[in-house]
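Protein chains in written order, with my numbering: chain A, 1 to 517; chain B, 1 to 324; chain C, 1 to 363.
Hints in this document: simulated from the structure, not taken from any laboratory. Just so it is clear, CB atoms sit at the ideal spot from N, CA and C, and this is done for glycine as well. Errors might be hidden in some of the hints.
[As the list claims (entries may be wrong)] Capping the alpha-carbon separation at 27 angstroms, the derived lysine-lysine pairs in DSS-like fashion look like this:
1. K309/A <-> K52/C
2. K36/A <-> K53/C
3. K77/C <-> K309/A
4. K52/C <-> K36/A
[What the hints assert, rightly or not] Part of the chain A face toward chain C, derived, beta carbon under 10 angstroms:
5. E146
6. S162
7. F373
[Claimed, not checked] Some residues of chain C that are not near chain A, with every Cβ distance over 12 angstroms (derived):
8. R6
9. A44
10. F186
11. R255
12. Y271
13. T361
14. Q362
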Amino acid sequence: MTIAPLAGNALPPPRAGVLDAQAALAAIVQGRLSTKQLDRVSYSRDMWPLAMVWLRQGRVPPPPDAVIWPGTDDEVAKVIRLARERRLAVIPFGAGSGVCGGTVALHGGLSLDLKRFDGIGQIDPTRRCVDVGAGVMGETLERRLEARGWTLGHFPSSIAMSTVGGWLAARSAGQLSTRYGKIEDMVLSVRGVLGTGERFETPERPFDGPDLSQLLIGSEGTLCAFTGVRLRVHPRAEARVFRAFDVPSVERGLELIRRVLREGLRPAVVRLYDPFDTVLVGRQKPASAHRSPSRRSGFEATVLPGLLKTLASQTLGRPKLLNPLAQLAKKSRLVFMFEGEAKHADAEDRAAAAACLSMGGHDLGEGPAREWFHKRYDVNFRLPRLMESGTFVDTMEVSASWDVVQDVYERVRAAASSYALVLCHFSHAYAEGCSLYFSFVGSAPSEEAIEERYQALWRSALSAATSAGANVSHHHGIGLLKARAYQDSLGEGRHALATLKRLFDPDGIMNPGKLGL
Amino acid sequence: MKTLLESLGSIARQAGDGLVLRPRSERELASALMVLRDRQLALGEGVTLDRGGFDRLGRLDDRSMTIDVGAGVPVRELETRINLQRLTLGALAPAAWDATVGSLVEDPSLGFRVIVPGRLEPLAVRVTGVLPDGAVVTSSPGPRHAVGPDLASLLIGGGGVLGLVTSATLRLMPLPQDEQRRLYSFASHADALEALRESLSAGASFARVVVRGRAGRIIVEVTVRGSAGQVERELALIGRCAESTSGRFEGQGREAEVDGAAHEVTWSDVASALAQGASVELFRVSLSTVIARGVGVRTFVPPSPLMRSLKDVFDRARVLGRLP
Amino acid sequence: MTDHRRLEQATSTCSYCPKACRFSCPVSEATQNESLSAWGKMSAAHHVVAEKKPIDVEVSAAVHACTGCGRCTSFCKHENDVGPTLFAARGEAVKAGLQPRGAASTLATFHQAQNPFGRELGSLVASWRAQRPVRYPLFPGCSTLVKRPGLLEQTIAVSDAFGAPMGVAKSASKCCGYPLYAAGSFDAFAAHAKSVAEAFVETPEVAVLDAGCAFTFRKLYPEFGVRLPTRIRTVIEVLHENLPHAPERKPLPQRVGYHDACHLGRGLGLYDEPRALLARAVITIVEAPSVRREGGCAGGGGLLPRTMVETSVEMARRQALEISDDANVTMVTGCPTSTRMFERAGRRAMDLISVLEQWVTQP
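Sequences are here, hints too, so could you generate the full structure?
In structure tokens, the structure reads:
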């Protein structure tokens, strides 16, 4: 990963190539193009935590030279064709909630904002599907569907700040994936424009060949820009049934999940928190305890940040002392939610509960699980205070088959614990394995040292995960952050990826540098 | 210059007018493909591929319910073997049992199973194969991933036109403890099919469904398999879904099989067939498509422009044969 | 007004936030621009507030791209005051002479005429002065006085029918001063608020027709240390209180869409009262997927109709579509500004009062 952030107040002007093409590009999109500095800065970063560290230092990742807002497939095609002629980079952009630097304009070029593709079609109740524009925000879509009695069943933590196109680009997963699957499981067909400038729409089942959607989903803007998708929808759940357990260890908790799924039960949510994460989950502040930042007391506004910074540096800056404390806690928290037809959800809940009790789980009732559900997106709101405290925060999500999950957990913990406080929960469970979601919180004496520690942490943690049999990412994607590890993991598959790139983006203009392409 | 047979060495043998390739490793298959390409020959044109050499029955991972298995292993043989471990490939369409693992995984219709709620997922959680340029591709580990485009899709369901599967890690499930059949009658085809889709959405799964008209009512027989608890829960669910769309419980009888070849069709195809008075038998029943008997003949769909482009770039020499 | 350090806290919170309210900002939904999301605008303001960089035209435009609807705050677990913070940053634009044209011209007009329309309101009010005893002095707001005399007439008719007769108050010749606040001219706003308080001395109670005016009196004045000697209630609250005295009439056979106007709903917390009134007057009410505290915005606040004309109309168009994509469904709101925005977006729209008037006067 070679990337040089710039001083936020001294951006270079847009490149000459973009300025030369500006009039022609603007004509394609009825003037919806901007080279304003503010827009370039706004589109320079996604929510990559390293870029947040840079923000604290007054730096920004390389910005695009212009932002452009096409509104039809034809406009996207024309923009891409012109970009090919002029050799301009094109970076498809949804809402910028990615956490791997997937939209950083390494070589400048055009940020292709697709949010004007914001149509939500009529729901086809017989085929149980709906056509949705790539620019529709997740929360907007789900609210619209639910108002009509349906659900997509896709609830990523980023649902409030991500678009459907972004979900497709990065193979997003939602919190209810154990029942509804990841976004790639919900797609009937996708529509968009290839890096060649050609429009495409993938066929729907029955196929006479491979599922072509799957060759484009996950391409993170390196092969195409998505403009629309036909998605499977389900009737909105009649009931949700919650239950939580304390289990004696991570190992026991994992075994429980595995057995529940083996029994044919399909919880919408099953999450196991390791002992450290359990302690933190159990101590979540109620939402009402937050005070509006502009109404904080003088102490909170002026003295507290300095204290927190010192405290963070003294504690999180010494993870080798901190992480062994995890040995003191053993209990892990297991959270279930079943949803759907009321009687069936109840029956599934009872069956899961019986399995958990027979294996030493302590039934905590529905309270903690409901609490989790109520606060399921709250983690996003913790970031500002942590960043203001001079820390770095990041998450790493990988998946592995059941036979190696425990090993992946232990090896990543061991590898990462020199660099940051390590928490982990297990979610997105499948019959043959699950996702491990590690949270890292770290600090260092200086901002420069923080960046070094951040990079070392990632190298170490990813290497531990893959050598133990996990993949590189379950649902955050690759972006810039994991490009090298991803390419290393491909083996000879990298030739196939390069062939796809050559076919769909022969001039290499689509989101250059991402996925290592 | 060496003859073709000499170039292929021990990989090939003469059979009648043609050659049969029987590689035993990915490298052998890759080099055979390169020889064919250099001589502008193609599989299927006097040269056939026998993947019997990929006969490894690898590790059965009981915890993850998966097995590593070579592409040449007959599916029926595999099933017998894993049944001994109380596991199964599940309720596949009839033709799947006559396939080999390679042809099953490559089949656009058969190589998929249904999971709750009515979703399709590939039987192969991981796959290894050889591309026409000789590259050996192994897909990402883990049950799901976010690691770029799904390269496994070049192989899974690809019909062998972009690459050839040599081995796969297949998803298994516990051998059913119980199997139950139920008959329901409905006022209309539309009600009957809606009850089935509603059941799938709500979390039921069907090993087999038969739908036929009789005396003004539409009779539906459903077969459900699984653990004892699962069958009980799902039958109760199906009963409630049936009742909500004019369904009436009619006992536990068995409807006769429907004649004809089974192929993958949409629900709308099934509805059309029923409207014309046909009886249908459904397998691998998902919300997306079903594999059906009794729904006419399969219509030919020309490959999409995207598919043609892929063929052009991955197999320019057409060593894996031409697109239809 | 919050001090500098607290503004910094507010802008910092959004800058380091992963856009957790991203979908909620109606301006950014209408413009599809990240810079104009709550995150984008607050990040822009952060440079000015925290890093003390001089404001420029682009940042000025960004902090003006807000109606102050408060929807983002509804979805923020910190309940961060995004709207008020952006409005505060507009003060910097005023100081630097970098206001958007629409805001500058509004200020100029206001300074000249003490209202944003440049009209002399005293004579308009005089023409409405009631010759009969009234129970509730009415404060219509200058926008209704100038642009919608018909609505004023309907308000009086409905109040009569509800046994709660209203008549235009003498103090109604004063504008509430909201445009000064929204344009970032805070000293002028505070001074204006004091003059309004003086004019209200002899008015113990007033029914306010425009939700924006009522919000300004009840919520903004106290922020600037001004407390009116008057009990301020909206016409809707007064009518709701008198609903038991409303005439027995069948509901109108209409299907209408209800929109929670931002100042009425999030601003004053009036969600049930307008619905209760409307439910008596029509057979069917349709609503958007997001309502009440989470409801959308019709683009009328924060001077947006003057600074970003097309965007404000687009916001109204989108909000109407959220409520119903059937063009025959009439949008109904409890705020004359929102009603006008829907009309400008080409949708049929009626003020709640107008619906009530049709209901009480039907044969």
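To see whether the hints hold, each was checked on the structure:
| no. | hint | verdict |
| --- | --- | --- |
| 1 | K309/A <-> K52/C | 22 angstroms, holds |
| 2 | K36/A <-> K53/C | 17 angstroms, holds |
| 3 | K77/C <-> K309/A | 22 angstroms, holds |
| 4 | K52/C <-> K36/A | 20 angstroms, holds |
| 5 | E146 | 7 angstroms, holds |
| 6 | S162 | 8 angstroms, holds |
| 7 | F373 | 15 angstroms, violated |
| 8 | R6 | 5 angstroms, violated |
| 9 | A44 | 6 angstroms, violated |
| 10 | F186 | 15 angstroms, holds |
| 11 | R255 | 16 angstroms, holds |
| 12 | Y271 | 17 angstroms, holds |
| 13 | T361 | 34 angstroms, holds |
| 14 | Q362 | 31 angstroms, holds |
In summary, the structure is inconsistent with hints 7, 8 and 9 from the numbered list given earlier, while agreeing with the others.
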